[in-house]
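Residue numbers (numbering that gives the first Met the number 0), protein chains in the order written: chain A, 0 to 269; chain B, 0 to 415; chain C, 0 to 340.
Since the hints were made in silico from the structure, they are not lab data. Heads up, the beta-carbon is just placed ideally off N, CA and C, and yes, glycines get one too. Treat the hints with care, as some may be off.
Unchecked claim - Think about it this way: if two alpha-carbon atoms lie no more than 16 Å apart in a straight line, the pair counts; the simulated EDC-like pairs of lysine to aspartate or glutamate are:
1) B/Lys123 to B/Asp174
2) C/Lys87 to C/Glu121
3) A/Lys259 to C/Glu216
4) C/Lys271 to A/Asp194
5) C/Lys196 to A/Glu234
6) B/Lys90 to B/Asp71
7) C/Lys196 to A/Asp265
8) A/Lys127 to A/Glu153
9) A/Lys229 to C/Asp187
10) A/Lys259 to C/Glu335
11) A/Lys11 to A/Asp67
12) C/Lys265 to A/Asp222
13) C/Lys271 to C/Asp187
14) A/Lys229 to A/Glu45
15) A/Lys171 to A/Glu202
16) C/Lys265 to A/Glu263
17) A/Lys171 to A/Glu134
18) A/Lys259 to A/Asp213
19) B/Lys90 to B/Glu102
20) C/Lys87 to C/Glu123
21) B/Lys75 to B/Asp174
22) C/Lys199 to A/Asp265
23) A/Lys127 to A/Asp96
24) C/Lys265 to A/Asp67
25) C/Lys265 to A/Glu202
As the list claims (entries may be wrong) - Pair by pair, the computed Cβ-Cβ distance ranges are:
26) B/Ser328 to A/Glu145: 27 to 33 Å
27) C/Gly79 to A/Pro248: 52 to 58 Å
28) A/Pro248 to C/Gly143: 17 to 23 Å
29) A/Ile61 to C/Tyr132: 37 to 43 Å
30) A/Ile61 to C/Thr127: 55 to 61 Å
31) C/Thr127 to A/Asp28: 49 to 55 Å
32) A/Glu85 to C/Gly143: 56 to 62 Å
33) A/Pro248 to C/Lys92: 39 to 45 Å
34) A/Ile61 to C/Gly79: 56 to 62 Å
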Amino acid sequence: MTSEKKIYLSAKGITKTFGFGRQKTVAVDNVDLDLYEGEVVSIVGESGSGKTTLSKVLLGLINQTSGDVYFQGVKRDISTQAKKQEYWKNIQAIFQDPFSSYNIFNKIDSVLLDCINMRGGRYLPREKKIEMMTEACSFVNLKFEELTNKYPFELSGGQMQRLMIARIFLLKPKILLADEPTSMIDACSRATILDELMHLRKETGMTVIFITHDIGLAYYVSDSVYIMEKGRFVESGSADGVILTPHHPYTRRLINDVPKIYEEWDLSTV
Amino acid sequence: MKHTIQQVFRSGKFVLGFSIFSAILLIVIFYPMFVKDSPLAILGQGTFFPPGIYVNVYDSMSSTAYTLNLPDAAAKRVANKLSEEDRLSIKEWLVAAGIPESEIDTTDTAKLLGQWSANFDPKKSIPGMTNARRNYFIRLNTSLKGLLSTEGATISQTNPETNELEQVDTVNQKDYVNVGEVANTRILLLGTDNFGRDILTELVAATRVSLQIGFVAGLIATLIGLTLGLLAGYIGGLIDDIIMFVTNLFTVIPTFVLLILISFSIGQEQRGAFTIAVVIGLTSWVWTARAVRSQVISLRNRDHVNLSKLSGHSIVHIILNDILPYIASYVIMALILQISSGILAEAGLSILGLGPRTTEVPTLGLMMNWAMIYQAHILGNWWAYLPVLVTIALITFSMNLMNTGLDQVFNPALRD
Amino acid sequence: MAHTMLEVRELSTKYVTRFREDVYAVDRVSLKVEEGRSLGIAGESGCGKSTLALSLMGYYFPPLHYMNGEIVINGKNISGMKPDDVRKSILGKEIAYIPQAAMNALNPTRKIINFIEDVILEHEMYVTKKDIYDRAKKLFETLGLPAEVLQKYPVELSGGMKQRTVIAVSVLLLPKVLIADEPSSALDVTSQKMVIKMLKQLMEAGFISSMIFITHELPLLYNVVDDIMVMYAGQIVEKAPSHSAVFDPLHPYSKGLMGSIIVPEKGLRDVKLTAIPGVPPNLKNPPMGCRFAERCKFVRPECRVSSVSLREASDGRVYRCIIPEAELREAYAREEHKNDK
Numbered sequence: 000m001t002s003e004k005k006i007y008l009s010a011k012g013i014t015k016t017f018g019f020g021r022q023k024t025v026a027v028d029n030v031d032l033d034l035y036e037g038e039v040v041s042i043v044g045e046s047g048s049g050k051t052t053l054s055k056v057l058l059g060l061i062n063q064t065s066g067d068v069y070f071q072g073v074k075r076d077i078s079t080q081a082k083k084q085e086y087w088k089n090i091q092a093i094f095q096d097p098f099s100s101y102n103i104f105n106k107i108d109s110v111l112l113d114c115i116n117m118r119g120g121r122y123l124p125r126e127k128k129i130e131m132m133t134e135a136c137s138f139v140n141l142k143f144e145e146l147t148n149k150y151p152f153e154l155s156g157g158q159m160q161r162l163m164i165a166r167i168f169l170l171k172p173k174i175l176l177a178d179e180p181t182s183m184i185d186a187c188s189r190a191t192i193l194d195e196l197m198h199l200r201k202e203t204g205m206t207v208i209f210i211t212h213d214i215g216l217a218y219y220v221s222d223s224v225y226i227m228e229k230g231r232f233v234e235s236g237s238a239d240g241v242i243l244t245p246h247h248p249y250t251r252r253l254i255n256d257v258p259k260i261y262e263e264w265d266l267s268t269v
Numbered sequence: 000m001k002h003t004i005q006q007v008f009r010s011g012k013f014v015l016g017f018s019i020f021s022a023i024l025l026i027v028i029f030y031p032m033f034v035k036d037s038p039l040a041i042l043g044q045g046t047f048f049p050p051g052i053y054v055n056v057y058d059s060m061s062s063t064a065y066t067l068n069l070p071d072a073a074a075k076r077v078a079n080k081l082s083e084e085d086r087l088s089i090k091e092w093l094v095a096a097g098i099p100e101s102e103i104d105t106t107d108t109a110k111l112l113g114q115w116s117a118n119f120d121p122k123k124s125i126p127g128m129t130n131a132r133r134n135y136f137i138r139l140n141t142s143l144k145g146l147l148s149t150e151g152a153t154i155s156q157t158n159p160e161t162n163e164l165e166q167v168d169t170v171n172q173k174d175y176v177n178v179g180e181v182a183n184t185r186i187l188l189l190g191t192d193n194f195g196r197d198i199l200t201e202l203v204a205a206t207r208v209s210l211q212i213g214f215v216a217g218l219i220a221t222l223i224g225l226t227l228g229l230l231a232g233y234i235g236g237l238i239d240d241i242i243m244f245v246t247n248l249f250t251v252i253p254t255f256v257l258l259i260l261i262s263f264s265i266g267q268e269q270r271g272a273f274t275i276a277v278v279i280g281l282t283s284w285v286w287t288a289r290a291v292r293s294q295v296i297s298l299r300n301r302d303h304v305n306l307s308k309l310s311g312h313s314i315v316h317i318i319l320n321d322i323l324p325y326i327a328s329y330v331i332m333a334l335i336l337q338i339s340s341g342i343l344a345e346a347g348l349s350i351l352g353l354g355p356r357t358t359e360v361p362t363l364g365l366m367m368n369w370a371m372i373y374q375a376h377i378l379g380n381w382w383a384y385l386p387v388l389v390t391i392a393l394i395t396f397s398m399n400l401m402n403t404g405l406d407q408v409f410n411p412a413l414r415d
Numbered sequence: 000m001a002h003t004m005l006e007v008r009e010l011s012t013k014y015v016t017r018f019r020e021d022v023y024a025v026d027r028v029s030l031k032v033e034e035g036r037s038l039g040i041a042g043e044s045g046c047g048k049s050t051l052a053l054s055l056m057g058y059y060f061p062p063l064h065y066m067n068g069e070i071v072i073n074g075k076n077i078s079g080m081k082p083d084d085v086r087k088s089i090l091g092k093e094i095a096y097i098p099q100a101a102m103n104a105l106n107p108t109r110k111i112i113n114f115i116e117d118v119i120l121e122h123e124m125y126v127t128k129k130d131i132y133d134r135a136k137k138l139f140e141t142l143g144l145p146a147e148v149l150q151k152y153p154v155e156l157s158g159g160m161k162q163r164t165v166i167a168v169s170v171l172l173l174p175k176v177l178i179a180d181e182p183s184s185a186l187d188v189t190s191q192k193m194v195i196k197m198l199k200q201l202m203e204a205g206f207i208s209s210m211i212f213i214t215h216e217l218p219l220l221y222n223v224v225d226d227i228m229v230m231y232a233g234q235i236v237e238k239a240p241s242h243s244a245v246f247d248p249l250h251p252y253s254k255g256l257m258g259s260i261i262v263p264e265k266g267l268r269d270v271k272l273t274a275i276p277g278v279p280p281n282l283k284n285p286p287m288g289c290r291f292a293e294r295c296k297f298v299r300p301e302c303r304v305s306s307v308s309l310r311e312a313s314d315g316r317v318y319r320c321i322i323p324e325a326e327l328r329e330a331y332a333r334e335e336h337k338n339d340k
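So here's chain A without its partners, still in its complex pose:
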């Protein structure tokens, strides 16, 4: 099914180590990843599995120790600030903690204005900019009139995260990397965020990478799933395949240990 689709982003032999000598730790160990156009992919792992490091390498926020990232079939070059900016027009992110994702000294308007500027709208008339911001906010069911001139910390966590989605709406990247976008959010707001994210994906056809520790969430949103343990992918495949018929012992353990409600949760396995 994926053969006729284009590979958007691929990683070949990505390795990232921290420290030297005895203190050397391998966060990501020789990882390969192929991302097709319009797909939703989840990378699932527990804390310390290296999934966040991998996401930062893919974003170009940190440099890999070895290996290459190919974007649309071409080897990624982010050696200069200008090239980085060009790359970041195509790949954007939503981070885990909405409370630390905003600069608390900047008003909300400036967050959205940055996005318009980045899309080349720096010299648009003021009314046009406000119109664009209003549209973005209403996409995530926020009212721009209520947000303008406010500081991020005056919003709730859910609202902040929705504003992040509004930001993505303005930027319209080809790939969105969502690093645990709902783990700091209450269960009731979680559905809203996921709905809006999926709605945005449907509208723009962008490729989404979910980084999460919640295997249930990965199952709910994604087409294919990668299970990551200690810096390596131990199992990957379609969501139904990996979650319902896991092969690797680690995947099995992970799924076993998550509390269930429809089936019996077997406590004797630990």
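For this one, chain A is given, so just place chains B and C on it according to the hints.
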């Protein structure tokens, strides 16, 4: 921003420190407007005049005399003139003359003198007493009689024609002058120093210079520390290694020793107050740099910085907009501490004689240095050094209080 | 009828902020836990569930303040007792509390056994260290913890092991009621499962008679407790047996909460997650009427005016809504029908 300032002024410690500091600042600003003397003008001929009101003797003689019948004027005069040594000698004689020691009270001047006049007999020989000692007692008796006399003093003038001394006026014991009518009086609240300069005026001027030195030194240290810390923390890698190498080098050399060496090698002639400030600033940036660096490293990986990068902002923009505001409160606190430690460092240097050259401006440290060289602390001339000490203590105390207060506001872990 | 272990009547507590504002975090909560039963408390963050846990112990210290209500533990009325007396005679003996970050309470410079000695010597005078060690060893073995842990320092243990150690220590004095406030949310899934298994063991082996388990993770709650109580804005909105609370919630808020459950099980991908729009009310001045009115799909004008009291449904559960049970069920059925289309 407004909210933060309100919060700062809710902290009792900050408000106390701020009030003390602004009081000092106000005095430093407004005192020179009222007292226009040069702070280094030499007023007194002689060293260490005690604090008090100085009334011109010549002028008070020619002022109108007012007679006031105050009851214990004579006793007060005697009490004032009779030294502690004299009192003990009187006691010694009385004991030798057979008065029980329990009946003698050297603090009760009237009773003591009564016992003396009742019992003293110059002819009486006391066993074991030398002639010289006996003569001393006779002299003491004469001077006491002079003190106890009720006659006035005579003022005489040499007649320029006859070259003879002529009596022009007498001053009675009950004569008073009104200080307001005396043409020349001077209040020296803190006395004079070893050169005869008014300490109060000098102290105010010295405080101003010391504060200036502190501000310049603190600003230089904070600017260097902030810049190096930001660069090392944000850019990291080789630049971080180089900067941290230099910083560690400075950390292991005792700053004060370095300061002494630099100050000494500059030489007395080149050492102005500003030079000293720059030297202090150049040697004390180390801790600011280290602290800023560690704060920046923890900020560098925060998501809002990552987001700012993803929004295509340049390094300069990120440092100025996404890093600096977060550490601004810390930097302000560091600046306050640097200023107060700059003032202390100047005082320390100057006490050792390595401060600014002494002829132009007074500083708090120089005043301490002068008092020490002229042995004010041994001679008991407290006014020469104690007010300086108190001023230094008040400045640093108020600044540390402000710092602690700010810390309570900005550091949520310390809030109660 | 079973013996009542913990009974709370109309308990209200508040926080006083730094700016002298009152936050009414727990508002007239009544609950009853019987011997051998466990009660789960669910709700969003900020709904007052952790504050309720603290309030249940009767151990108040600023900024938390007791307002009114009664707490009866195993027949003893502890409301109005001095905090010091509560600490000496109630905590640990009658009621034990495990906070979320309990594992951080271990002093890193002391061995686990020293910590246990402290706990026992505080309450019992004539015991030897040998006795204490034997007792601790026996307890640890019963709970499936290796006895070597006793001679180790906290840094040598993993997070899950530390948390289980603290739980074991908290039941040393055989408390009647155990309050566990998110005991596993900082742990990875495997350690979480071990903690849950251990809590169930404690109940089965009779170390504790009753348990109150607090979490926002509903699948976890469903697997641990007998009854679930849903809290919203400081009030109880629904209390029901676990199965009906999860699969057949009655209150619109519970309905929304249960609709947001995500589990990696077959059929999840076909379920549409429901979301509750809006944010909870500010507890500094809670709304006059129903506290959920602003976010409720089925809100009626009278909801905003009069306060709503708990009412009983046909199957014996209680819920806080002015809409009768039958009408609510009808409304839910209509919603589902609409979604199917």
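Quick rundown of the hints versus the structure:
1. B/Lys123 to B/Asp174: At roughly 39 Å apart (the allowed maximum being 16 Å), B/Asp174 and B/Lys123 break the hint.
2. C/Lys87 to C/Glu121: holds, 9 Å
3. A/Lys259 to C/Glu216: Cα-Cα ~11 Å, so holds.
4. C/Lys271 to A/Asp194: The hint holds at about 9 Å.
5. C/Lys196 to A/Glu234: violated, 28 Å
6. B/Lys90 to B/Asp71: violated, 23 Å
7. C/Lys196 to A/Asp265: Between C/Lys196 and A/Asp265 the Cα gap is close to 10 Å, so the pair holds against 16 Å.
8. A/Lys127 to A/Glu153: Violated: A/Lys127 and A/Glu153 sit about 26 Å apart, past 16 Å.
9. A/Lys229 to C/Asp187: holds, 14 Å
10. A/Lys259 to C/Glu335: Violated: A/Lys259 and C/Glu335 sit about 23 Å apart, past 16 Å.
11. A/Lys11 to A/Asp67: Holds, because 5 Å separates the two Cα atoms, which is no more than 16 Å.
12. C/Lys265 to A/Asp222: Holds, at about 15 Å.
13. C/Lys271 to C/Asp187: Answer violated: C/Lys271 to C/Asp187 is near 27 Å, above 16 Å.
14. A/Lys229 to A/Glu45: holds, 9 Å
15. A/Lys171 to A/Glu202: Status holds; Cα separation ~10 Å.
16. C/Lys265 to A/Glu263: Given pair C/Lys265, A/Glu263 holds - Cα atoms ~13 Å apart, limit 16 Å.
17. A/Lys171 to A/Glu134: holds, 13 Å
18. A/Lys259 to A/Asp213: holds, 13 Å
19. B/Lys90 to B/Glu102: holds, 10 Å
20. C/Lys87 to C/Glu123: holds, 11 Å
21. B/Lys75 to B/Asp174: Roughly 15 Å separates the two Cα atoms, so the pair holds.
22. C/Lys199 to A/Asp265: holds, 13 Å
23. A/Lys127 to A/Asp96: Not OK: A/Lys127 and A/Asp96 at ~31 Å, beyond 16 Å, violated.
24. C/Lys265 to A/Asp67: violated, 37 Å
25. C/Lys265 to A/Glu202: violated, 28 Å
26. B/Ser328 to A/Glu145: 27 to 33 Å: The hint (27 to 33 Å, Cβ to Cβ) holds, given that B/Ser328 and A/Glu145 are roughly 29 Å apart.
27. C/Gly79 to A/Pro248: 52 to 58 Å: Roughly 56 Å apart at Cβ, these two residues keep to the hinted range, so it holds.
28. A/Pro248 to C/Gly143: 17 to 23 Å: holds, 22 Å
29. A/Ile61 to C/Tyr132: 37 to 43 Å: Once the Cβ atoms are compared, 49 Å apart, the range 37 to 43 Å for C/Tyr132 and A/Ile61 is violated.
30. A/Ile61 to C/Thr127: 55 to 61 Å: About 57 Å separates the Cβ atoms of A/Ile61 and C/Thr127, which means 55 to 61 Å holds.
31. C/Thr127 to A/Asp28: 49 to 55 Å: With a Cβ separation near 52 Å, C/Thr127 and A/Asp28 satisfy 49 to 55 Å, so the hint holds.
32. A/Glu85 to C/Gly143: 56 to 62 Å: Holds - the Cβ-Cβ distance for A/Glu85 and C/Gly143, about 57 Å, lies within 56 to 62 Å.
33. A/Pro248 to C/Lys92: 39 to 45 Å: holds, 44 Å
34. A/Ile61 to C/Gly79: 56 to 62 Å: holds, 58 Å
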